[in-house]
Each structure stands twice: as structure tokens, then as C-alpha cells.
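Residue numbers (this note's numbering), protein chains in the order written: chain A, 14 to 339; chain B, 725 to 1020.
Be a bit skeptical, because a hint or two may be false.
Claimed, not checked - Here are a few chain A residues that face chain B, going by a calculated C-beta distance under 10 Å: (1) Ser86; (2) Met87; (3) Met94; (4) Ala95.
To be clear, the hints were calculated from the coordinates, so they are not data collected in a lab.
None of these values were measured; they are calculated from a predicted model.
Built from N, CA and C at the ideal position, the CB exists for glycine as well.
Here are the chains, one letter per residue:
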Amino acid sequence: MLQENIHFHKKTFTEQKDMLPIREGYGRGLLEAAEKDIRVVALCADLTDSTKTNYFKEKFPGRFVEMGIGEQSMASVASGMAAMGKVPFFTSYAMFSPGRNWEQIRTTICYNNVNAKVVGSHAGVSVGPDGGTHQALEDIAITRVIPRMTVLVPCDSEEARKATLAAAEHEGPVYIRLQREATPVITTDASPFEIGKAQCFYRAKKPQVTVFACGALLYTALEMAREMEEEVGMLVVNVPTVKPLDSAICAFARESGRVLTMEEHQRIGGLGSAIAERLVEECPMPVHRIGVDDMFGQSGEPDELLVHYGLTKEHGISVIRAMISE
Amino acid sequence: MEHLQDREVAVIEKKANQIRVSIIESLIEAGSGHTAGPLGMADVFATLFFSVMNYDPKNPYTDHRDRLILSNGHICPVLYATMAHAGYFPVKELQTLRKFGSRLQGHPHREFLPGIETSSGPLGSGLSQALGMTLADRIDRPQSSTYFYCMMGDGELNCGQVWEAVMMAGKEQPHNLIAVIDRNGIQIDGFTRDVMPLEPLREKFESFNWHVIDADGHSIQELYGAFGEAQSVSQPAVIIAHTIPGRGVPQFERDYRWHGTPPGKGPEDILTKDKQGECALKQLRSLKGTIVSECE
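Only chain A is shown next, with the shape it has when bound in the complex:
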């Protein structure tokens, strides 16, 4: 059942559930962080409104830097600002930052060890009609491999707000992954969030499968658990910090002895890989990974694309049935 300590949004599993883009939470969180901490500055590469950096820009124009379409320079300008004691958040679409400017992030931020935050919006195939060029499916892989980088993938708008506030307080490089589309609001102000912590959101009496999910697919995982309540006992764990991965991952996995991961990212290199790496070293067991299977995205409505790439409740349920019958 749904875990009480999570303090779910009351309407989450109703027809009237609130729908908000995860990026919206970033915009709100950045504004709050800036109000709390005068060191917080923001940079954006000609996508200020769609990354929701506009809230910050309107309130703090003197602390906002418009980069134009220059993501490589943006990462390094942010590095320079951090070197002078600022806490820069720099934002674009994930495809361009950390996509286009990976080396600048590696060298001038992580190797250089400065306190700058990379914020990549519009990750995943659910970007929709813009097509494969704009659907970042590799960003978790390329950020989590860099030493010193913390990687956050919030599950909803509210968690994105908290992740942004936490990133501002965290000393060191952070990548925050955001999504474009409005997705169900699951958590509330009272829900727990801490960098490095995974949280159990749903626990059956006798768990047979542990599902680890991040981003908007957490909601899909919860729907699966509720729908299969009578059929298969599930443990659904929200993993908003892909790196550093919570040391409790193995304990959650052991509760059922079978693991499924879900993410809107390549199966190679993302959350599923991170979980598998941990399990194979500490408590080997079967792992199934739902994600995009070594393919690029394409144009279409978000829902169509989620179906096409197997990122739905229905596909998840079929995978779980197969796992149980193995």
C-alpha cells in the first residue's frame, strides 16, 4: 500500500489529480532558493520561459545572465561565476546542456570542482512533436559518469522544487533532470526529500518485485502496483538521486528478490544501469530494465511515444508477469 510517511498529494490517484510540468517546480524552487541565498544566480541559453527560469529573471534581473544560444560558453561562464563565490544554476534543454557542453561541464565545473548546477529540461521522449533531436535520452549516463557530479531526477513538480532548493544548499556540482509535459503531482510539501535518499512509496504485504523508478515514470510504477495489488506484491521505490545511489538499494531489492527499473532514458547508462551495477556487486539478483532500448526518439504525441517505446503501465505489467512466471 501507499506509504503514509510520503504524505501523498490527496488527489494523486483520482480523476481530478493535479497535473504540472516537472520544470515548473524548478522555476518555483529557483525563485525560492534565490530569495534565501543572495549568492544564487541563473543563466539561460535563449530558453528562459520554457525552462521556467523566467520567474527568477523577473524577480532578480541583476542576477540573471542571458547567454544567447551558447551552451558551451554557458557552462564555463557559470564556472567563472562559481569561482567568484556565486551559486550559478544554468539551464537549457538537456540535449544541449549537458548534451552539447559535456566537456565544459567535465573540465571547467567538475574537474575544476566549482559549485555550479546544471539544469536540463525537456528530457525523455515525452517532449513529443519536436522529435528525436530534442529528446535527451542519454543525459543521466553522461552526467553520472563524471566524478563529483550529483544527479537528481525528480518525480514531479513538487519534488523538482525541493531538489532545486537542495541543490542550492549542496556544495558541489549537481545535475537536475527535468521534463516538459504536465505529469501527475504525487508529493506534497510534507513529503521527504534528501539528496542521496531513495524512498519507498508503496509496499505490498509480501513484495515479490521491487520497482525502482525515477522521473515521471514513478507515477506509472505506482499505478502498476495498485492495479496488480491482488496479483503481484510490489515495492515501489522512488530514486530521485541517481548518484550518489542510496546505500539502502540492496535492502529494498532483497525484500522481494526481483528487481525492475523504470526510466525515460536509454536502458544503457541510466538508473537501471546504476541499480544493476550496485546489485551485481553487493547482492546479485535478476534485474529487468525498462527504458528506451538503444534507439533515438521521434515526433509524435507524448502518449503515443510512451507506448511506442514501452514506457507505459501496460508494458510494465506484462514485464512483471513475465518476471514472476520465470
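Once you've looked at the hints, dock chain B against the given chain A.
Using the frame of chain A, we list chain B on its own:
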């Protein structure tokens, strides 16, 4: 700050020569690294550290220090040698260049050596970092008298990111951003005019709304004047320092094959490998034979 006395120039020239000797000594010991660029920039670094920049080698992180951002990290032997001669660390430590456990990494690392402002090596990022520093500084101190010196290679101007930063500095107009381009005309694959022509370089920067100063990169007096002019304008300024790669060792000068090789591993048509290090040191210690030289 307009003019140096002759004796001040002489002191800086002597420092530059000591820096060159240290560069060669450290490269011979390291057995790898770049020779031409560091030798060519010794006069610029000596001028900056011994007449222009505000810093305290004993307290390398004072708030109001001027910042030197080395964008072309591969010429770090000249930065290390200059810092050692300026009192940041013992000159003897230069012999650890590129060795395991050394603070003098093959390309500079901020966390390894106090006084290094940014870790660098991959080309093209330094100007953006220096620009970011001026933007942050401006938020806190609009009339700041701190200067941000970004040292760049001319080959580095091939990088697209440089022009993102040049364009943005043209827009933001930080008064305290001073870029210095080592216009030595060489890069690893050959002469810059063959690999990727840069001219007209002055006009490029002018068209991006920069203040441009051409200077003889081996005239201390001219460099000093160029820095003074760069500080006085309310625009971002670039000093195009016309230098001779390998300056100080005639056998190395203007030869792009010395870009990425140390003495002892360079081309052999002029000097055999076993004579390269010894000859370079003799040339420098004798000021190209004007004192005494046994070097052929």
C-alpha cells in the same frame, strides 16, 4: 602607469630570462611537455607578474587579487616558472613538473597548486570563465578595480566557444576583462595561416566591440604600455602579443615542430637530441651568445 624606467625594464628582462631557463630545466627533467609557447610567453608573464598584477604569493586567495586565467593550459611551464620566481613556491619544485604526486600537473589543476585560478587544458574555455568572473564581480562591485587576465593561444581561436565568449563580452562590456593572445603563428599541425587562418584578427575583435591593442610580445616597455591602455578603457580589451615561438633559443625559434616537444625529443635536423637541452640552456644563460657561448 605609463612608462617603466630603464632599470625596471632590465629587472623584468632578467626575470624573463630566469623564467626561460627554469622552463627548459623543468621540461628536460619532465621529458615531455610544450617548449615553444612557454618560451615565447616568458616576457609577457614576467611583465604581468613583476610590474602589472596585484597579488600576494603568500596569501594566494585574497579577495581583491587580480586573476590570471590560463586558457591555453599547455603552456603552464611558463606559469609555473613565473610563479616560482614570484615566490609562490620554491624554484626547485619546478623539477617535479608532470611527475606522479607533483603539484605541477601536466596541465594546471586549481586544487593541486595554490595560486592557480582554474584547471585548464582543453582549449577554448578560459575566456568564458574569465568573463563569468567579471560578471559575478560586477554584481558585488560595479566599480571593481580587480582585473581578470585571460591568457590564450592563437591556435585556440579555432575553437567555437571562444567566439561565443567574445560575442558575449562585446555585449556585456566588462571594463576589467583583459585577454592576451599569444600570436606566435604556430599550432601543433603547422603554421596557423595554413591550419586555420586567423587574419584579419584585429578586425575580428573590433567588430565584436572589443578594444584591440597590438604589441611586441618581447618588448617589456611596449607590453607594460599595452596593459596600462587595456586597464584604462571601459571595454573588454585584447592584447595581441606578437611573439616568437621558442624565443631565446635560436635553434628552436619560429619552428612549429617545437610546439609540443621538450628538449631532447625535438626535431634533429638542426640539433641532435642529446644536444638540445644543453644547447638551449647555454643559449639562455649566455643571452644567445652575447655573453659567452660554446654552442654551435
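For each hint, the structure was consulted:
no., hint, in the structure
1, Ser86, "holds, 4 Å"
2, Met87, "holds, 8 Å"
3, Met94, "holds, 4 Å"
4, Ala95, "holds, 8 Å"
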